[in-house]
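Novice: Sequence:
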Amino acid sequence: MIPEKFAVQHSAELLAALEDKQCVSIRYNPLKPTKKIEGQQVEWCTNGIYLAERPIFTLDPLFHGGAYYPQEASSMFVGWMVERLGMSKPRVLDLCAAPGGKTTQITEYADVVVSNDVIRSRAKVLSENVERWGSGNVAVTCNDPRDFGERLPSYFDILVIDTPCSGEGMFRKEPAAREEWSPENVELCAARSRRIVSDAWAALREGGVLIYSTCTFNRLENDENALWICRELGGEIIYFEDVPQGIVCSEAGYHFYPHKVVGEGFYAVAIRKEGGEETADLRAKKGLLPAAELAELSKWVGGELDFRVGGGNVYGFTKGLVDVVNILLDRRFNLQYSGVMMGEMIRGALKPAHSLATYFNVRYEQRVEFELEIALEYLRKGNISADYCVDEGLNLVTFNDLPIGWIKKISNRTNNLYPSKLRILHY
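Sequential numbering from 1 applies to the sequence shown in UniProt numbering.
Please keep in mind that the hints were generated in silico from the structure rather than gathered at the bench.
Computed from a prediction, not measured in an experiment: that's the story for all the values here.
There could be a bad hint or two in this list.
Here are the computed lysine to aspartate or glutamate pairs in the DMTMM-like style, where the Cα-Cα straight-line distance is at most 20 Å [unchecked claim]:
1. Lys299 - Glu365
2. Lys36 - Asp401
3. Lys319 - Asp111
4. Lys381 - Asp60
5. Lys32 - Asp111
6. Lys319 - Glu108
7. Lys89 - Glu304
8. Lys408 - Asp387
9. Lys36 - Glu371
10. Lys89 - Asp323
11. Lys408 - Glu377
12. Lys381 - Glu371
13. Lys351 - Asp391
14. Lys409 - Glu373
15. Lys381 - Glu128
16. Lys32 - Glu304
17. Lys35 - Asp60
18. Lys32 - Glu365
19. Lys421 - Glu128
20. Lys421 - Glu377
21. Lys260 - Glu43
Using the sequences and the hints, build the whole thing.
Specialist: Put into C-alpha cells, the structure is as follows:
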C-alpha cells in the first residue's frame, strides 16, 4: 500500500503508475558485440533496450560474459549527461557506485573511473560486476567519502553521486520501500546526502561537474539539495538541450515519473563547480617488469596496457589508470580491484586469471565454443567431459563467440577453471 502521507502529495496519475508492472531493461556492452535481443530502445541510451519480460539472467551465459548489464532505464540518464558534457577523457569518481550500473556505463566516456562504495560487501559485488564488464579502465575502492575530499583534492573532472535516498522511485520495483518510507526518513536522507556531497566536494576540481542523483520524487532530497549545493559549496546548475520527451525539467534538475516516461522514479542534476579548470598533478610511483615478461604478457591482450605486479599477481592498466592506481595506493585507499588482473607469472609464463578472460580485448587463439546446456554446466563449475574440448591444454571458453572463462584439457579429462566464488549455485 502507498503510504498515506506520500499519496496526498502526489497526483492520481503517478499513484496509478506506481501500481503498474515495473519495467525491465538492460544495457549492452559496446565493447563486446553480440546478437541483441529485440526490444524498444531506451530513448536516452543508445545501448539500452526494454525487455517484454524479466528473464532469469543467471541462466544466460552472455550475462556472465559481460555482454550486457541489467540496469533500470531511468538511471541510464547519468551516462547521457556525462556524454553531453563533452569532456575529453575525463577522470571520474563514482562515489556511491554499487552495484555498478552507472560505473560500467560511464567507462564508455571516461579515461579512468574510480568506483567506490563504503560498504565492503557492496564493494565486493561492485568489483565482480566491473570485472565481468571487462573495460579495463576502472579502479574499485571501499572508502568513506571524506577520504576522497581529504586525500585527493581537485583530482577529478566529474564526480557522480547517486546518493542513498528515501526510495520513493522504487515503490513499484521494491515494495519494501513503501514500508520504510516516512517524512522523517526523507529529512534524514536529505541531510545525509548533503553530508556526503560536502565530504567529497574538495575532490572535484574547479570547473569540474558534479552529477547528483536519487531514486526519489520529493523536492527536499532533489531540487532543494541541488540549490543548497550551489549556494553553500559554490556551483552552477547546467541545463542541457534536446532532453528526451517526458523527462520533466525543473529549476534544479531533471525528474523521471513513471506516468511520463518508461522507467522508474529518478532525479538527476549536473552542477559545475565554481572556478577554473586546473586538475591537481599528483605524481605516481613507477615500476616496470623485465622485458621478457612484458613480451609474454603482451601476447595475451590487444592494445596497449601497462603491466604491474601486486600481491603476487600481474595487472594490466590503461595508460591513465596506472597513475591513478599508484596514487590511490600511495594515499592508502582500500583498493578492491583495478584494471585487468592478468594472472600469475610462473617461470616466465603467464597463468591467466579469470579477469583476463572477460577483458574485452583478450587475445587467445585456442578456444572452445559451448552450447547453452554445456555452458551453464561450466558456469556451475561442473565436470565437463573432455569430448567437448578438441585441443589439449588451456582453452578460452566461449558462448556465442563471447569469452566466459578458461578450461584446461588434460588427456581424457578437463579442469574447469571457472572461479568458485562466481559459480551458479541454483538453476
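Novice: Within a Cα-Cα threshold of 20 Å, do lysine 32 and aspartate 111 meet the stated pairing?
Specialist: holds (18 Å)
Novice: Would the hint linking lysine 351 and aspartate 391 be met if the CA-CA limit is 20 Å?
Specialist: holds (18 Å)
Novice: When you check the alpha-carbon spacing of lysine 421 and glutamate 128, does it fall within 20 Å?
Specialist: With Cα atoms ~10 Å apart, lysine 421 and glutamate 128 stay inside 20 Å; holds.
Novice: Holds or violated: are the alpha carbons of lysine 408 and aspartate 387 at most 20 Å from each other?
Specialist: holds (12 Å)
Novice: Take the C-alpha atoms of lysine 35 and aspartate 60, compute the straight-line distance between them, and say whether it is at most 20 Å.
Specialist: holds (13 Å)
Novice: Does glutamate 365 sit within 20 Å of lysine 32, going by the straight-line distance between their CA atoms?
Specialist: holds (17 Å)
Novice: Between the alpha carbons of lysine 89 and aspartate 323, is the straight-line distance 20 Å or under?
Specialist: Holds, at roughly 14 Å.
Novice: Hey, lysine 381 versus glutamate 128, does the alpha-carbon distance stay inside 20 Å?
Specialist: Holds, because 17 Å separates the two Cα atoms, which is no more than 20 Å.
Novice: For a C-alpha distance cap of 20 Å, please report whether lysine 36 and aspartate 401 respect it.
Specialist: Roughly 13 Å separates the two Cα atoms, so the pair holds.
Novice: Between lysine 319 and glutamate 108, does the CA-CA distance stay at or below 20 Å?
Specialist: OK: lysine 319 and glutamate 108 at ~15 Å, within 20 Å.
Novice: Keeping to a limit of 20 Å between CA atoms, is the pair of lysine 89 and glutamate 304 held or broken?
Specialist: Holds, at about 16 Å.
Novice: Between lysine 421 and glutamate 377, does the CA-CA distance stay at or below 20 Å?
Specialist: holds (15 Å)
In this structure, none of the earlier numbered hints is contradicted; all agree with it.
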